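Protein chains: 2
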Amino acid sequence: MNTRPIGIFDSGVGGLTVVKEIFRTLPFEEIVYLGDTARLPYGTKSPETIRRFSLENVEFLMRFKVKMIIVACNTASSTSLDILRDKYKIPIIGVIKPGVVKATTITRNNRIGVIGTYATIKSRAYEKEIKALSKDILVFSQACPMFVPLVEEGWVNGDITLRITKKYLSKLISKHIDTLILGCTHYPLLRPVISKIIGQDVKIVDSASSVAEEAHNILTALGALRKSSKTPNHRFFATDAVENFVKIGERFLGSKIKRVERADYV
Amino acid sequence: MNTRPIGIFDSGVGGLTVVKEIFRTLPFEEIVYLGDTARLPYGTKSPETIRRFSLENVEFLMRFKVKMIIVACNTASSTSLDILRDKYKIPIIGVIKPGVVKATTITRNNRIGVIGTYATIKSRAYEKEIKALSKDILVFSQACPMFVPLVEEGWVNGDITLRITKKYLSKLISKHIDTLILGCTHYPLLRPVISKIIGQDVKIVDSASSVAEEAHNILTALGALRKSSKTPNHRFFATDAVENFVKIGERFLGSKIKRVERADYV
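Line order of the protein sequences matches chains W and F.
Oh and the first sequence: position 160 is 1440 in the working numbering, straight run, nothing missing.
Oh and the second sequence: position 172 is 1452 in the working numbering, straight run, nothing missing.
A portion of the hints provided could be inaccurate.
Any copy will do: because identical chains look the same in the list, a pair fits if it lies in one copy or spans two.
Only pairs whose alpha carbons sit at most 20 Å apart, straight line, appear in this in silico EDC-like list of lysine to aspartate or glutamate [unchecked claim]:
id	residue 1	residue 2
1	1446	1433
2	1527	1328
3	1483	1362
4	1402	1433
5	1382	1541
6	1446	1328
7	1451	1544
8	1367	1339
9	1447	1433
10	1451	1433
Simulated from the structure, these hints should not be mistaken for laboratory data.
Quick caveat: nothing in here was measured; it's all calculated off a predicted structure.
So that you can see chain W by itself, here it is in the shape it has in the complex (with noise of 0.2 Å):
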């Protein structure tokens, strides 16, 4: 089990920040990447449509015998978890319970904040989260679409972004918050504007590292881990063509990707 790769995927590159983070934390894992970038994005999508494309996503990584699925996209995380556990048996995480871990430690008045697409927040999924781990804390989410699309545009800084972040999160600025989760993975990137418009003392939570700890716990447990210190050969998919996948995806990942194949399946 343990020389197996650990299966990664999201609706395109930003689960990257997860890999990166992987990358530090488990240095000799190896990883099979999956970007489903012809069907992105997932977080304006149905549940229904967005678990279906989960199930064909994770059915595609266990080709490579996969030990571990890491859901890197906070959309699936938060509407497909429990139907991709009642099928696999292998052990699946998201990215909505580490950060929420971290948050709830963080917290010294007991208002979190959440930001994400519509259907992570419309599913609520951090809500639940939150108050199963503490009942006293209030929490306030806001949808924030527009942010995928400036990321992907490259626009995360300059005038435009600043309107847009200031008139999204102007109702979490009433709420007095002291912590905010950053509840999509291409939210890092717009990581200054955000902690500029909601305050320098608001604590901003991306879910990636935490992400990255859970699975070496995981995998730890379970006497998993990849002891050999081979160079792992790290395999990267995405649905579309695999061009546009290198030029934004290095952005994210922060290193170079040398070659990414297409994912047949699509």
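Following the hints, complete the assembly by docking chain F onto the known chain W.
For chain F alone, kept in the frame of chain W given last:
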């Protein structure tokens, strides 16, 4: 043949602007509309993926024995018409050429602007069609990828929309065009703000009405117009959940949508 419906597809609800014009121009014709809402948008994806999706969409519409296909999506029209015409015997019309014919007729200074998605602009489909009609016309193109999310978010006016429009159109303004083609079925909803920025003296062409005229001409030539004055029984299909389709779709159609069915092939 003449009692058979017309099949129309788009990546989402934008093509309903074409349906609206068909209702006006060809009130006796029956429509089967398909919005590929599970996989939208097309405009940021690769030609090969768009072609694959287009083929699947037409295959679905063929189940209804349609007598004509209208590709009511500029991105799909700019990439997939040839492959569709190779495969199917019925007439297949797109939204590029009708808009081009109109624009080349209207222009006085032979300087035409085109705005559209990344995929449409990159395909140079408008440029090629215009050059085929007249070598003297200069074409200036600009991709405006934030326009679709703006429309879907319902931000069709206001300060943010004005600034984004200004940012995209500033280069076109410096080219002194006298005619601007809206090369995406979402853009007519931004027409007021686009007109304000580009200048009231620049004539704006959207394809929807020209396409309806072309459909009329072809069906007339083939003797395939529906003669029955029985109320047509239009059908609307979406590949994602149908609720979202109705909500946004009515804005594009400009009238009520009674019922949308789930297309099951995605």
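Hints versus structure:
| no. | hint | in the structure |
| --- | --- | --- |
| 1 | 1446 x 1433 | both (19 Å within a copy, 16 Å between copies) |
| 2 | 1527 x 1328 | between (30 Å within a copy, 18 Å between copies) |
| 3 | 1483 x 1362 | neither (30 Å within a copy, 54 Å between copies) |
| 4 | 1402 x 1433 | between (25 Å within a copy, 15 Å between copies) |
| 5 | 1382 x 1541 | neither (34 Å within a copy, 42 Å between copies) |
| 6 | 1446 x 1328 | neither (32 Å within a copy, 38 Å between copies) |
| 7 | 1451 x 1544 | neither (43 Å within a copy, 39 Å between copies) |
| 8 | 1367 x 1339 | within (10 Å within a copy, 31 Å between copies) |
| 9 | 1447 x 1433 | both (19 Å within a copy, 13 Å between copies) |
| 10 | 1451 x 1433 | between (25 Å within a copy, 17 Å between copies) |
Hint compliance for this structure: hints 3, 5, 6 and 7 are not met, and every other hint is.
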